[in-house]
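Participant: Sequence:
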Amino acid sequence: MTLDQTGQEIGNYMSYLSQRQGVIASNIANADTPGYQTRDVRMPVDFSSAMQDAGSFIVETPSLPSRNDGNNVSIDREARLLSENTMKFNLATQMVRIELKSIRSAIEEGRTT
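Residue numbers (my numbering): 1 to 113.
Certain hints may be false.
As the list claims (entries may be wrong) - Mimicking SDA-like on lysine to any residue, the simulated pairs with C-alpha atoms at most 25 Å apart in a straight line are:
1) K88 / E99
2) K88 / S15
3) K88 / S74
4) K88 / T33
5) K88 / V41
6) K88 / G35
7) K88 / P34
8) K101 / V41
9) K88 / K101
10) K101 / N12
11) K88 / Y13
As the list claims (entries may be wrong) - Per label pair, the in silico range of CB-to-CB distance:
12) R97 / L64: 31 to 41 Å
13) P62 / K88: 19 to 29 Å
14) D32 / T93: 27 to 37 Å
15) L82 / G11: 18 to 28 Å
16) A31 / L100: 34 to 44 Å
17) N68 / V45: 30 to 40 Å
18) G11 / E84: 12 to 22 Å
19) Q37 / E84: 12 to 22 Å
20) Q8 / P34: 35 to 45 Å
No lab work stands behind these hints: they were computed from the structure.
Glycine is no exception: its CB is placed at the ideal position from the N, C-alpha and C atoms.
Take these sequences, add in the hints, and give me the full structure.
Facilitator: Below is the structure:
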């Protein structure tokens, strides 16, 4: 995998994480909405083609216990997912910084030779 392909894959992964962040936030916002069912974003197998039709990867989360009003959002679960998603996004951001530093180093090295 070339440096450019790696950068593209990291960018696609960050797009996935951004979309997931929005879905988790929506779950939290609807925690008191009767009948609301928790949603999540399926991880696509192929990011490059999946990001073109990202909406099709939002799915209801099965097997979560529902309250009497039919809502199955657990604030504790969503807070944990939000925290995990943030950590993954921060890691991906660090990877982008490392890649950019490598590119900058190659450019500066080319100028000095």
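Participant: A separate judgement is required for each hint: does it hold in the structure or not?
Facilitator: Now the hints, each set against the structure:
no.	hint	result
1	K88 / E99	holds, 17 Å
2	K88 / S15	holds, 12 Å
3	K88 / S74	holds, 21 Å
4	K88 / T33	violated, 29 Å
5	K88 / V41	holds, 15 Å
6	K88 / G35	violated, 30 Å
7	K88 / P34	violated, 31 Å
8	K101 / V41	violated, 31 Å
9	K88 / K101	holds, 20 Å
10	K101 / N12	holds, 20 Å
11	K88 / Y13	holds, 10 Å
12	R97 / L64: 31 to 41 Å	holds, 36 Å
13	P62 / K88: 19 to 29 Å	holds, 23 Å
14	D32 / T93: 27 to 37 Å	holds, 33 Å
15	L82 / G11: 18 to 28 Å	holds, 21 Å
16	A31 / L100: 34 to 44 Å	holds, 38 Å
17	N68 / V45: 30 to 40 Å	holds, 38 Å
18	G11 / E84: 12 to 22 Å	holds, 20 Å
19	Q37 / E84: 12 to 22 Å	holds, 21 Å
20	Q8 / P34: 35 to 45 Å	holds, 42 Å
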